[in-house]
Amino acid sequence: MIELQNIKKVFNAGTVNENIAIQGIDLKIEKGDFITVIGSNGAGKSTMLSIVAGFQTPDGGRVLFGDKDITKVPEYKRAEYIGVVFQDPLSGTAKSLSIEENMAIAAKRGTKRWFRRGVNSKNRKYFAERLKELGLGLEERLKANAGLLSGGQRQSLTLLMAAMANPEMLLLDEHTAALDPKTAELVMNLTDKLIKDMGLTAMMVTHNMKQALDFGNRIIMMHEGQIILDIKGEEKQGLTIPDLLGMFEKVRGVGITDDKLLLSK
Amino acid sequence: MGAIEHGLVFSLMALGVFLTLRALDFPDISVDGSLPLGAAVSALLITKGYDQFLSVAAAALAGFGAGAITALLNTKLKILNLLAGILTMIGLYSINLRVMGMPNIPLLGYDTVFTPLESMGIPPQVASIGLFATFTVLVCVFLVWFFHTDIGLALRATGDNLKMVKAQGVNTDRMIFFGVALSNAFVAMSGALVAQSLGFADVNMGIGTVVAGLASVIVGEAVLSSSTVLKAVVGVVVGSMIYRLAVAYALSVELGPIKLSPGDLNLITAIIVVIALTFPGVRKKLGGLRS
Ligand SMILES: Nc1ncnc2c1ncn2[C@@H]1O[C@H](COP(=O)(O)OP(=O)(O)OP(=O)(O)O)[C@@H](O)[C@H]1O
Ligand SMILES: [Mg+2]
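Line order of the protein sequences matches chains G and F. Sequential numbering from 1 applies to the first sequence in my numbering. Sequential numbering from 1 applies to the second sequence in my numbering.
Pulled out of the complex, with its shape left as it was, chain F reads as follows (with noise of 0.2 Å):
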């Protein structure tokens, strides 16, 4: 896949981090699951003969339910938010080696959502290009509809000021609910269609999956001022294919005898989100994230 490509189908992912990091305040790192868990639902519907557009809504549909497990713990149980976040990861690892069956299911010969349009005489890569696009401006525009709903000023407000909602008669513990689960819902959407292009869908291609996430929504902020909305959840689109187009430049370089290769992904990011963070412009923004 190419940079813009990445940017794009990573962006739903990096909107669902968003989501819960930025809106709702709570670090979730089940996505690191759920990426990988909406691959392995979608390649196991579309190898057993399923549609695989119903697959994507079943990946979606199978996110939501990590993340509300995730919330549960949080808020019934009482977990610590990143606690629980690594417990539904690890419990998803072994959940996604059942659903698959095996670590790792190749697509190839299948009929993927790219299918319809390649046989439409459309070249590979603008078919891919093209429907990324249109799934990224489609949950684009959901989420800005869904921030200015009822449920999503409180939801921003959970995030904001936990006293003020409370005050206000919000029930924290079901934003936290609705926000974590349709976080995870679109990441896992964004795992379906990752696996759907890559060709094949692996337990392992969910790790580092926050970080990368984090790494977007940063970057974003520092392109985009996130004053309104409309312009913070476009910032992370930005943010995802700058932060892609990064990483391809960054394993692109050869560093005298040393040549960075896909494995040294997760470190490249960790440093571009450690530079991101002590960036001043940066860390004032996210006075909340580092403390």
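So that you can see chain G by itself, here it is in the shape it has in the complex (with noise of 0.2 Å):
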């Protein structure tokens, strides 16, 4: 559904600070799948999700929708059809409107905003009728300011703005990395339901390579902006810890020193 063909990605070129954070990634991401990318500190994780995302230009390649070419289009228009969530909680709502209001604004996305009320009584009973779901009591407080909210209450109601207006695809980058344990769980849960009950496409980066096993039908590794590692479907059921460092140690002809790096508990 979405394809990346030859990406590359270098920044402060010809300057002393160049850093090839791409090079040379291809990737065909089907209808349906829940990839989980994984890779150490700097393999580029983010600036792919970026580049699909459209909050990044590639140097070179193309990012194809369907059989549309999107490389130039800008960030808000590929809203449409793709929802992201940041690893920041803060990133994805604004404080100072009401959790209302910022739902507003996701149930417009990729429709033109002119002078109707944003939020009136009819789209106001469904936010409620969302937020519910979360489980959270959210409904009761749809008219406080979202900066009001913990951590994890905002990353939530960013997941379900980010899955609002229909998006063909979901970008997740670590966004239950700043949470406690307890509420990363509760995100990743209600992220995994989400993307099964509406049948999104979605790309979750993790350091956790637990969740990375457990959850999606794909796994990614990233290594110094290639991918090194990508194993799908029944391969992937059953698949180990253990299983993917060896794996990783294979295909790079050298063991991981330093498994930090790709572990994170």
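Just so you know, these hints were derived from the structure itself, not from any lab. Not one of these hints is a red herring.
Below, a list of computed lysine-lysine pairs in the DSSO-like style, where the Cα atoms sit at most 27 Å apart:
hint, chain 1, residue 1, chain 2, residue 2
1, F, 163, G, 8
2, G, 72, F, 163
3, G, 68, F, 76
4, G, 210, G, 236
5, G, 125, G, 112
6, G, 28, G, 193
7, F, 231, G, 95
8, G, 196, G, 132
9, G, 77, F, 163
10, G, 77, F, 76
11, G, 236, G, 31
Could you fit the two chains together into a complex? Lean on the hints.
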């Protein structure tokens, strides 16, 4: 459904700080895929997601949506079919707007915004129903400013907003990493439920190997700007952490000396 | 003009500054040029025999155009917002001189928006306060409505969290265009009314507009919490009145041999803003503005 063709991304090209973040990535995301992405710090995971979402433009290669070339399409236009959740729980909602106002903005994704009232009694009811599914009691606080919510509540709201207006694809960049373990689990289960219920295609970056193995139908490992492992379907079922480390060793020809690079519990 | 009238008529300007600075997080200096632009357009039309109310609408339209230019400089040509405002402001100085044909147009003897009321036997001061209050209430009602529309919500979120609005499919360039243009329309409207009330338009009447607007916004926030849109908007009007009263008071004090004069106004405003910004409670709210 979304395809990356020979994508390259270089930061600060031509300077002493030149940094090749992505060096020739090909990736075909199939409809219904739930891909988990792992890899050490600086491997290029976030950069790859940003290129899919349109927050970054690649220096080489093409991004396709279906058979449409969207390499130059700005992020706000891609938002019509791509929902994004970042690591920072504060980055996905506007703090000075109420919960219902934030949701109204998300609900209008992909349509022109004019002078209609943003929140009305009809969509308010719909927002309350969606919030109820979170089980956090937020449906009672529709008029509270998003800035008053806890990190986990805000991230759950962000997730709900990203999945609103029927996107085709959901991009998640370590979206549970800043949360405490219990909240992280809650948000992760919610993510899985949303993806299943709505039949979304998803790509999720995580440093949590267990999370990467437990969820999704396909796992990608990145290293130094390249995809070095891409395991799907049956092969992914029953995969263990030692399996993954072994595979890494085989592909790279070296062992991972510092497995902290890959693992976090 | 009395401090109350001043506070009311300049609250339109302050609401414009509030729209860009607070809702959009776009410090727009072009208002220093669009206030006299509004005055110039209105004065020109009145002296050419056009209707005085029509001249206010024309002034607002001209201000909208000026703001649109600042917005486009910023979004299309990628010029830093502060610099984009300065460029428009400087350009407007020449344009205002061209519009007026001279540095000052007196309006004595011409019909102004106050004339119909005064001819009904209403005392001039009551007439001007009543009229300014009406304009202010209308603009407040409009703004509160606007901030709750789809476009208004997206505009407020643009100033709050740029990353989020882009991820939610908002064309932020479009929001900046609407916000800055609308803001300058209010400021120019304020300029038109100020000119009609003072009885003249002057190319230099815009100096310090943005700082005075900022002072009003900050004073308003210090007095009234800006937890809801309605409170924030009313806060700006209240802030504008308090600010003008404070200025009137400051101008009346004598510091030994030194008597303050209207020429000291800008320095006093600058000092008021600095004090307000250093005030801890205010500083917290203004986190983004200082950095
Ligand atoms: N805006 C930027 N400017 C310069 N260099 C950048 C920028 N963004 C990323 N990089 C560099 O590109 C490389 C890939 O970064 P990226 O953020 O994609 O890694 P990551 O796999 O997401 O890492 P992490 O697990 O730490 O989040 C890194 O070397 C990083 O320093
Ligand atoms: Mg990252």
